[in-house]
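Each chain, written out:
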Amino acid sequence: MSELRWNPILKEWMITATHRQDRTFKPPEDFCPLCPTKQGDFETEVPREDYDLVVFENKFPSLKRNPNDPVVNGMDLTPIEKSKGVCEVVLFTSDHNGVMSEKPLSRFIKLVKVWKDRYEVLSSRKEIDYVYIFENKGKEVGVTLDHPHGQIYGYPFIPSILEKELNNSKEYLEKTGNCLFCDILKQEKDDEERIILENDSFTALLPFFARYPYEVNIYANDHLASFKDFDEQEIKDLAAILKTVIKKYDNLFGFVFPYIMAIHQKPSIEGTKDYSHFHIEFYPPYRTKDKLKYLAGSEAGAGTFINGTLPEEKAKELRKTAPKNICKR
Amino acid sequence: MKMKKEKVNKDDGRFLIYYTFEEEKNDKNKKGS
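Line by line, the protein sequences are chains H and G. First residue of the first sequence? That's 2 in our numbering, and the numbers climb one at a time after it. First residue of the second sequence? That's -15 in our numbering, and the numbers climb one at a time after it.
Just chain H, with the same shape it has in the complex (with noise of 0.2 Å):
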């Protein structure tokens, strides 16, 4: 069962998915659904015996294709919805154990060519708002399968936060005539103290306003609005800048880091293409090599963020970080 139930005071959509509550928890290495299925042995949820990437529909989706009708009914100010839309699995490889940091770059050239699929695919529906990609990575971010994996949800709706953004940057656009994020990278590359590194098409850096003490952001050097934009010199770039900046954070305190991983582009609405910039946005939990951040009182509860330490130190720590040039394989 799930549904949209409506938050008049945020303005914003939630959705519960009582369902969700028995899906797979962190199950043994022997009994991974994410696995290629061995042969006489249980059938994964990829039924042959090896594969490079795989897409799949989510076994426990918060959206749906044909959702149900909702338990309850909605109220004058909280109106309620059918949880129509898409939720997606991204095998990133066959590998239980592997360590995409490890992985050659052409894995990673594999994997945005699949995303950039997946968003062009699904942003041509016209249920779907927004196509949000992402990745939660460890168990500190809450992660219940460990084998290297990401997800697609394409939602009914802009986000909140992302519709946040967009409202920003559109009346940017409305009174300065440009790109807040064009201009904002340009601000970050003249003062260059947050900069982590670049290449051709990508800028790494850690914003002034980084919320996470290694909150990494990568921007699109050019206005690129979405995956739809990107020519093959451009997957390659994002391919080599994202294994790059992934390295340097297992790299940081000697263990694999975890994160979420958050990809921000065009919603599926027309007339948004001037002010949506592509870029991502890592938010890792961890603040020392054995430290936390927790989301507590002043994040959770009023939505201001204290970070305890510079973006100007961390991004220095992170520039100082092996690998110190680009990927280039």
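Do not take every clue at face value.
[Claimed, not checked] No more than 25 Å apart at the CA atoms, straight line, and that leaves these computed lysine to any residue pairs for SDA-like:
1) H:K117 to G:M(-15)
2) G:K(-11) to H:E50
3) G:K(-6) to H:L146
4) H:K39 to G:K(-12)
5) G:K(-9) to H:E233
6) G:K(-6) to H:N59
7) H:K104 to G:F5
8) H:K27 to G:R(-2)
9) G:K(-12) to H:H97
10) G:K(-12) to H:H150
11) H:K60 to G:M(-15)
12) G:K(-12) to H:R49
13) G:K(-14) to H:K60
14) H:K85 to G:G(-3)
15) G:K(-12) to H:E189
[What the hints assert, rightly or not] Take a look, some chain H residues computed to stay more than 12 Å from chain G by CB distance:
16) P48
17) K111
18) D192
Just so you know, these hints were derived from the structure itself, not from any lab. The beta-carbon is built from N, C-alpha and C at its ideal position, and this holds for glycine as well.
Based on the hints, put chain G in the right spot on chain H.
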């Protein structure tokens, strides 16, 4: 790299897409590959 995809239906009605990639002849000659 040329991408191919094969969409199949699972027993419970969900779909699954296998993505495979073939290296193109000129990939090896391209910068950075």
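Structure-based check of all given hints:
For the proposed pair K117 of chain H and M(-15) of chain G, the alpha carbon gap of about 14 Å is at most 25 Å, so the pair holds. For the hint linking K(-11) of chain G to E50 of chain H, the alpha-carbon distance of about 17 Å falls within 25 Å, and the restraint holds. Taking the CA atoms of K(-6) of chain G and L146 of chain H, the gap is near 21 Å; set against the 25 Å cutoff, the hint holds. Pair hint K39 of chain H plus K(-12) of chain G holds up; C-alpha atoms about 24 Å apart against a cutoff of 25 Å.
Restraint check for K(-9) of chain G and E233 of chain H: satisfied, since their Cα atoms lie roughly 24 Å apart, inside the 25 Å limit. Note on K(-6) of chain G and N59 of chain H: the hinted pairing holds, with a Cα-Cα distance of about 12 Å set against a maximum of 25 Å. A distance of roughly 16 Å separates the Cα atoms of K104 of chain H and F5 of chain G; the hinted pair therefore holds under the 25 Å criterion. Taken as a hint, the K27 of chain H and R(-2) of chain G pair is honoured in the structure, with Cα atoms around 23 Å apart against an allowance of 25 Å.
With a C-alpha separation of about 23 Å, the suggested pairing of K(-12) of chain G with H97 of chain H holds against the 25 Å cut-off. Between K(-12) of chain G and H150 of chain H the CA atoms are separated by roughly 20 Å; this keeps the pair inside 25 Å, and the hint holds. The hinted pair formed by K60 of chain H and M(-15) of chain G fails the criterion: a straight-line CA distance of about 30 Å is larger than 25 Å. For the hint linking K(-12) of chain G to R49 of chain H, the alpha-carbon distance of about 16 Å falls within 25 Å, and the restraint holds.
Distance restraint check for K(-14) of chain G and K60 of chain H: the Cα-Cα separation of roughly 29 Å exceeds the 25 Å cut-off, and the hinted pair is therefore not satisfied. In summary, the hint linking K85 of chain H to G(-3) of chain G is supported, as the alpha carbons are separated by about 16 Å, within the 25 Å threshold. Restraint check for K(-12) of chain G and E189 of chain H: not satisfied, since their Cα atoms lie roughly 39 Å apart, outside the 25 Å limit. Residue-level check failed: P48 of chain H sits 8 Å from the nearest beta carbon of chain G, not beyond 12 Å.
Not every Cβ of chain G is farther than 12 Å from the Cβ of K111 of chain H; the closest lies at roughly 5 Å, contradicting the non-interface assignment. No Cβ of chain G comes within 12 Å of the Cβ of D192 of chain H; the nearest lies about 29 Å off, and the non-interface call holds.
Checked against the numbered hints above, the structure violates hints 11, 13, 15, 16 and 17; every other hint is satisfied.
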